[in-house]
Amino acid sequence: MKNEYFPYPAVIEDIKTETTDTKTFRVWFTDKVLADSFDYQQGQFMELSVPGAGEAPISISSSPSRKGFLEFTIRAAGKVTKSIHMLKKGDYIYLRGPYGNSFPFEDIKGKNLYFVVGGIGLAPLRSLINLVMDNRNNFRHIKVLYGARTPDDLCFKDELEQWKKIPDTEVWLTVDKPSAGWGGRVGVVTELWKETHINPENAVSIVCGPPIMIKFAADKLQESGFKDKDIFMTLERYMKCGIGKCGHCNIDDKFICKDGPVFTYEQKKGFRHKEHIF
Amino acid sequence: MRGKGGKDMKASKVKIIGKKKIKDLLREASQEWNVYVPQKWSDGDVWMDQLPKDKQMLDEALEDVVLEDVDTVISPKDIFFPQLESIFKFKDDKIWETPEFSPKLIFGVQPCDLKGILFSDDFYRRNFEDRYYVSRIQNRLIVARGCLRPPRPTCFCSSAKTGPFAEDGFDLQLVDFGDSYFVEVGTREGEEFITMHKKFFSEPDGNYDMTIKEIKTKACDSLELKVDFQNALSLMAQDSFIPEENYRRIGERCIYCGGCLYVCPTCTCFNVFDNVKDKEGERVRNWDACVFEGYTRETSGHNPRKDKWLRTARRYEHKLKFDYKVTGLSGCIACGRCLSSCPVGIGISKFIQEITEKRKIM
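Residue numbers (our numbering), protein chains in the order written: chain A, 1 to 278; chain B, 1 to 362.
Derived by calculation from the structure, the hints in this document are not laboratory data. Not one of these hints is a red herring.
Calculated cross-link-like contacts (lysine to any residue; reagent style SDA-like; alpha-carbon spacing at most 25 Å):
#1 B:K23 <-> B:K40
#2 A:K229 <-> B:K325
#3 A:K268 <-> B:D323
Covered stretches of chain B, going by a simulated chain A footprint (3 or more residues, C-beta under 8 Å):
#4 93 to 102
#5 129 to 139
#6 293 to 301
For every residue, glycine included, the Cβ atom is placed at its ideal position computed from N, Cα and C.
In isolation and in its complexed conformation, chain A is listed as follows (with noise of 0.2 Å):
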């Protein structure tokens, strides 16, 4: 019988700063036959040890189209996830899943893809855009609309760069709060509807954020004429066991750790009190 709560040791191979409380951590597992074996899927997500510290469910954030590593993006936020941020290259930590459903792929191929994106809402959804990025051909026009809270919020700041650069592909930035020597645009990220035309033919929309940020980014998404069944978007609920035992993560009879955590506007409408979802 498998022990699904039992972590795996993985060493930290490298650690890139993002943002002044966000890190990225590539891990890689020491067991040779479970790095063989390891498979996940956009959007999935793994539970996360700091023996002593605890545990906490993280989204990961690179890609399964690039092999022999896992990433995730972590804010500095809780117990955990400070414990985290204290661990250097070379440092043990410990893994168990990948859990939850995963962002659409196959299903999604041959469309204009819009990507809504707040804060570190970008960690998961990067994990499908490297995806996309990497079968480029198979897709076609791609928005990419990212807000933060501050410019020094905006992760993966190389990466935006680099996919501005892939044809047929548009990167738009906003911010709530403007620094000094920010010449971007200024706003929550449904004010960039006013600077680029968000059209819903052949199209899929994928949200990703703060809950608030979801609400207003799908509700806007649907007046612009996107079918409920063509927004897709993360629930967030607060975790523990990612198997779907512990209770936490529940909604109806669904949990968003095993269930979840991407479900459309359709689903979405489906649930009971849906109007306290976020």
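Based on the hints, put chain B in the right spot on chain A.
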């Protein structure tokens, strides 16, 4: 049931044991099993506790065993899902698992609690399988004990058909008959237990079938609290039925102590955290409750169920709507403990009465 060759199979499916022999049976069984049986503490509370292995302590504990009119404070769920449980330990770079496999004889389980155990078994076995729960139930024998009278005034098992006697799911079931128990055999494991300890059991005489039936009917009639359980499930199954007024009113009354969920036989939620002492640490899990504000509060401080009534709604909808939708069985097994333990008089039976009888009682 008639077996091959006209042999009356039913005759071998019921045995009889004198009440005076129960202590000796438990003493003998405790050599092979960890025996859990209701014991009355000096303060008057009854707990489903493990019998000690030490001979003298065992003799003392056997004096405290009670099997009649027993109201155990909590259900026996903590035998398989302890209130606090270590799931693994760690030191330096080593981590090791700490599952528990001991053989367990659970003696004197109320039929409603048996339903609760079976409900939790199904939940924990379902993908993903819970290693710790499943290892604890691997080697288990359940001796149910039907209730002649409701042990709590809040019992409403006859309305939910979860008691006062179990129809299945037990290995053995005791049917109280004066100074003896009829022992109904539910499984091959139950039969083997009787064979192992055959000196305590004998064959029942006469028309015992009819006697057992009469005892069960009388027990069923003894329940005064009756609610329209099936109607409540049907109502709650309708997506258009949202008794928000009830949720809001009960939500205002509730003091969010979580007591109802701790005593509930089917509540399975837990929290997980690490404890460290002198470089050696352990990951533990402990009972949690969906009515606590912190249950859904995120690191950012955002809480999708900050409103109290949403937590109340979750409690009733989980038990009476979503469990039923997923498993075909109600998550409430009608033990009545939530009401008997509630400091402000809230309970599932009252909620059922409110929605089916369309009146305010809380």
